[in-house]
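Student: Residue strings, one per chain:
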Amino acid sequence: MGLLDKQFTDDNIIITKVEDLLNWARLSSLWQMGFGLACCAIEMMATSASHYDFDRFGVIPRPSPRQSDVIIISGTVTFKMAIRIKRLYEQMPDHKYVISMGSCSNCGGPYWEHGYHVLKGVDRVIPVDVYVPGCPPRPEALLEGLLKLQEKIRNETLVSKTA
Amino acid sequence: MALKTEEMVLNMGPQHPSTHGVLRLELVIEGEIIKNVTPHIGYLHRCFEKHCEVMTYPQIIPYTDRMDYLASMCNEFGYVVAVERLMGIEVPERVEYIRVIMAELQRIASHLVAIGTYGADIGAFTPFLFCFRDREKILNLFEITCGARLLYNYIWIGGVMHDLHPDFIRLTKEFIKEFRPNLKELNDLLTFNQIFIDRTANVGILPAETAINYGITGPNLRASGVNWDLRINDPYSIYDRFDFKIPVGKGENGTVGDCWNRYYMRILEMEESLKIVEQAINQIPDGDVSSAIPKRVKPPAGQIYSRVENPRGELGYFIVSDGSVNPTRIKVRAPSFVNMVVFGELCKGHMVADVVAILGSIDIVLGEIDR
Amino acid sequence: MKNPEEIFEILKAKFNEVIIELISDKPTESFITVAPLEIDKVCLYLRDKEGLNFKSLMNLSGVDDANGEKIKDENDNEIIQGGTLSVFYHLESIDLKHKVTLKVSTDRENPEVASVEEIWRAADWHEREAYDMFGIKFLNHHNLIRILMPYDWEGGYPLRKDYQNPEFYKGMKVPY
Ligand code: SF4
Chain A
1 MGLLDKQFTD DNIIITKVED LLNWARLSSL WQMGFGLACC AIEMMATSAS HYDFDRFGVI
61 PRPSPRQSDV IIISGTVTFK MAIRIKRLYE QMPDHKYVIS MGSCSNCGGP YWEHGYHVLK
121 GVDRVIPVDV YVPGCPPRPE ALLEGLLKLQ EKIRNETLVS KTA
Chain B
1 MALKTEEMVL NMGPQHPSTH GVLRLELVIE GEIIKNVTPH IGYLHRCFEK HCEVMTYPQI
61 IPYTDRMDYL ASMCNEFGYV VAVERLMGIE VPERVEYIRV IMAELQRIAS HLVAIGTYGA
121 DIGAFTPFLF CFRDREKILN LFEITCGARL LYNYIWIGGV MHDLHPDFIR LTKEFIKEFR
181 PNLKELNDLL TFNQIFIDRT ANVGILPAET AINYGITGPN LRASGVNWDL RINDPYSIYD
241 RFDFKIPVGK GENGTVGDCW NRYYMRILEM EESLKIVEQA INQIPDGDVS SAIPKRVKPP
301 AGQIYSRVEN PRGELGYFIV SDGSVNPTRI KVRAPSFVNM VVFGELCKGH MVADVVAILG
361 SIDIVLGEID R
Chain C
1 MKNPEEIFEI LKAKFNEVII ELISDKPTES FITVAPLEID KVCLYLRDKE GLNFKSLMNL
61 SGVDDANGEK IKDENDNEII QGGTLSVFYH LESIDLKHKV TLKVSTDREN PEVASVEEIW
121 RAADWHEREA YDMFGIKFLN HHNLIRILMP YDWEGGYPLR KDYQNPEFYK GMKVPY
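Those protein sequences? They're chains A, B and C, same order as listed.
At position 8 of the first sequence the residue is numbered 8 (the numbering used here), and the sequence of numbers has no breaks.
At position 187 of the second sequence the residue is numbered 187 (the numbering used here), and the sequence of numbers has no breaks.
At position 11 of the third sequence the residue is numbered 11 (the numbering used here), and the sequence of numbers has no breaks.
Incorrect hints may have been included.
As the list claims (entries may be wrong) - Where chain B lies over chain C, by a calculated footprint (3+ residues, C-beta under 8 Å):
# : stretch
1 : 34-46
2 : 58-71
3 : 91-102
4 : 144-157
Claimed, not checked - Subject to a maximum C-alpha distance of 25 Å in a straight line, what follows is the list of computed SDA-like cross-link-like pairs (lysine to any residue):
#  : chain 1 : residue 1 : chain 2 : residue 2
5  : C       : K103      : B       : D322
6  : B       : K184      : B       : E278
7  : C       : K97       : B       : N213
8  : C       : K99       : B       : K35
9  : B       : K298      : A       : H114
10 : B       : K35       : C       : K55
11 : C       : K173      : A       : R87
12 : C       : K97       : B       : F242
13 : C       : K41       : B       : N213
14 : C       : K170      : A       : S50
15 : C       : K173      : A       : Y89
16 : C       : K170      : B       : H40
17 : C       : K99       : B       : H40
18 : B       : K184      : A       : S50
19 : C       : K55       : B       : A208
20 : B       : K50       : C       : N110
21 : C       : K97       : B       : K137
22 : B       : K35       : C       : K103
23 : B       : K137      : A       : A141
Calculated directly from the structure, the hints in this document are not laboratory data.
Note that beta-carbon positions come from the ideal geometry of N, C-alpha and C, so glycine has one too.
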């Protein structure tokens with residue numbers, strides 16, 4: 001079969017760095033918190049449904065923050081919601097990542113000027129790793145954002161969380 | 001000694017996989033039985049009505065897209081119909097046909113999401129994938145028309161953005177041919193699946209009298225046995241030219257007005273929408289699509305309430321104009337907003353697990369409830 | 001099926017003082033102005049009277065007329081004093097297929113309107129929304145609290161024309 005089991009059946013050893021092993025494990029099974037906010041969430045759903053198939057990158061939606069590694073903020077964050085988002089983020093176990101999907105969660109989107117109840121960018125409450133622009137971003141764009149996040153994780157070291 | 005029992009308050013949401021967005025439900029339960037439900041909304045309040053007051057009339061169209069984001073075309077349609085009525089604009093024939101085709105395709109796409117997520121909510125995940133596969137095809141049709149997948153800004157006051165793609169008619173015909181058998185497959189898989197019927201029939205019964213008093217509209221009202229569809233009863237655009245039926249709930253499995261009926265209405269409506277699209281693409285005349293677009297949209301002072309039939313019910317726009325380029329006030333009567341009021345009433349006395357079934361059958365979109 | 005003129009005549013005969021006028025000039029849809037504190041009685045009559053049968057409320061919407069006096073406050077923000085807020089009711093009869101629009105106007109400083117929530121349950125959330133956005137108080141509403149904005153929002157009523165954004169909400173900056 002693959003490279004790995006051949007190597008193991010022949011009593012071989014793999015030499016790698018602990019860092020690389022950890023990073024590889026982390027980036028290949030990013031469990032996403034199944035959580036949609038607004039219109040962007042529909043594109044996120046389309047990304048995980050047939051046709052775009054988020055699964056092939058190891059992304060599975062989990063209903064609880066305590067079991068997930070990445071939270072995709074998909075949509076407009078209002079003040080009423082911002083408090084909850086902060087709480088959800090805090091509930092996630094560490095080595096957690098945030099993808100901000102869509103203009104709204106990047107900077108307020110179409111509501112940046114007159115939205116009296118819209119938080120102008122989710123990075124005002126939680127730290128963001130990858131911003132995906134678009135209103136809404138196409139599923140391909142979200143996939144690209146995920147690849148960027150994986151790249152970022154690949155370069156992590158034990159000393160600093162994000163390289 | 002009798003066991004001491006007490007009521008418990010359970011919070012569901014705003015982050016919950018089956019509340020269809022950011023809705024919070026406060027359930028008062030006694031054991032598994034629901035005593036009371038209080039919905040808390042506003043987690044997605046994006047100040048649509050305030051934006052209307054500072055934007056010009058054409059600028060508002062993209063914002064209407066973002067209300068009911070599963071049925072953007074229908075929202076635009078409703079808005080431009082309202083403004084056109086206020087200004088007295090006659091639009092070309094071809095534009096009317098394009099609009100109807102778009103609105104009906106959108107209705108199918110929206111119902112597919114409703115059905116798919118409903119299945120997923122109560123434990124059937126496969127239909128979700130099937131529905132999204134078919135929806136993707138409709139989105140492709142929209143994409144070749146206007147370049148966007150979800151939020152279109154395609155229908156403009158007095159016309160549409162630009163004409164149909166030369167391939168559009170052919171591709172739509174292909175889609176209809178492919179989709180009919182898929183719909184049957186979906187019926188076999190979910191609609192007449194005994195497990196599904198057991199789970200939804202006789203749950204959350206909404207009698208017609210109550211439905212009218214609560215202002216319920218759309219498939220939810222028709223499932224209760226009231227024959228009321230604005231496309232027929234208060235015709236707008238050119239709906240009076242097409243031959244289609246209004247499905248009404250009959251209670252094939254269970255009682256009229258239960259969850260299964262509400263669900264089934266959507267299946268039947270998709271078939272009717274297909275019929276309308278078929279007729280429209282056969283009749284569509286040639287012509288210009290932008291001749292009636294006014295240079296300056298400045299309606300006379302006055303007010304109008306105009307409504308259209310959205311996939312979720314009656315979408316009304318109440319526009320107050322003072323004769324300037326931006327409206328004084330736009331109030332949107334969003335179908336989900338009104339349909340949601342009855343939710344607490346429907347849940348009383350049911351089990352906790354039924355809450356999800358009832359909520360899914362009402363088919364709400366939070367973007368429209370909170371605006 | 002009745003047109004607004006006939007409905008106006010019927011109402012005028014029944015309620016005299018309470019029904020103020022019928023406004024119908026194109027392109028405005030005609031509407032009937034009613035006294036704010038009596039609107040519930042008029043609505044109940046409209047719903048139950050044989051031949052009117054307005055069984056459903058399509059829409060209820062608050063409007064800021066902004067017809068008061070515009071003055072500057074100490075921070076140089078424009079505020080509106082006096083004038084009126086209005087509420088529009090769009091009623092419909094499903095079996096008789098006719099529609100009518102009612103309007104009430106109430107004082108901006110102390111806006112009070114009788115609630116129609118008991119008559120059409122559909123009005124429940126609409127009234128709460130009008131309260132949330134304009135601060136119109138619906139008397140006898142069973143649960144008149146904010147609906148869209150946070151329950152502890154102190155910034156005022158956002159859809160009033162002289163609304164000013166607060167600078168912060170719970171430590172989060174409101175303007176861009
Ligand atoms: S970025 Fe655009 S599509 Fe995404 S939530 Fe905001 S308005 Fe909706």
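Student: All hints are to be evaluated individually against the structure, with a verdict given for each.
Tutor: Outcome of the hint check:
1. 34-46: Contact hint for the stretch 34-46 of chain C vs chain B: violated, 0 residues under 8 Å.
2. 58-71: Held - the stretch 58-71 of chain C has 7 residues with a Cβ nearer than 8 Å to chain B, which meets the minimum of three.
3. 91-102: Since three or more residues must qualify, the claim that chain B covers the stretch 91-102 of chain C holds, with 3 doing so at under 8 Å.
4. 144-157: It holds: at least three residues are needed, and the stretch 144-157 of chain C offers 5 whose Cβ sits within less than 8 Å of chain B.
5. K103(C) to D322(B): Given that 25 Å is the threshold and the Cα spacing comes to 17 Å, the pair holds.
6. K184(B) to E278(B): holds (18 Å)
7. K97(C) to N213(B): Roughly 16 Å separates the two Cα atoms, so the pair holds.
8. K99(C) to K35(B): Violated: K99(C) and K35(B) sit about 37 Å apart, past 25 Å.
9. K298(B) to H114(A): Between K298(B) and H114(A) the Cα gap is close to 22 Å, so the pair holds against 25 Å.
10. K35(B) to K55(C): Between K35(B) and K55(C) the Cα gap is close to 28 Å, so the pair fails against 25 Å, i.e. violated.
11. K173(C) to R87(A): At roughly 18 Å apart (the allowed maximum being 25 Å), R87(A) and K173(C) satisfy the hint.
12. K97(C) to F242(B): holds (21 Å)
13. K41(C) to N213(B): holds (17 Å)
14. K170(C) to S50(A): violated (41 Å)
15. K173(C) to Y89(A): Holds: K173(C) and Y89(A) sit about 20 Å apart, inside 25 Å.
16. K170(C) to H40(B): Holds. K170(C) to H40(B) sits at ~20 Å (cutoff 25 Å).
17. K99(C) to H40(B): Since the Cα atoms of K99(C) and H40(B) sit roughly 31 Å apart, the hinted pair is violated (cutoff 25 Å).
18. K184(B) to S50(A): holds (19 Å)
19. K55(C) to A208(B): Judged against 25 Å, a Cα distance of about 12 Å means the pair holds.
20. K50(B) to N110(C): Judged against 25 Å, a Cα distance of about 22 Å means the pair holds.
21. K97(C) to K137(B): violated (39 Å)
22. K35(B) to K103(C): violated (37 Å)
23. K137(B) to A141(A): holds (19 Å)
In summary, the numbered hints that this structure violates are 1, 8, 10, 14, 17, 21, 22.
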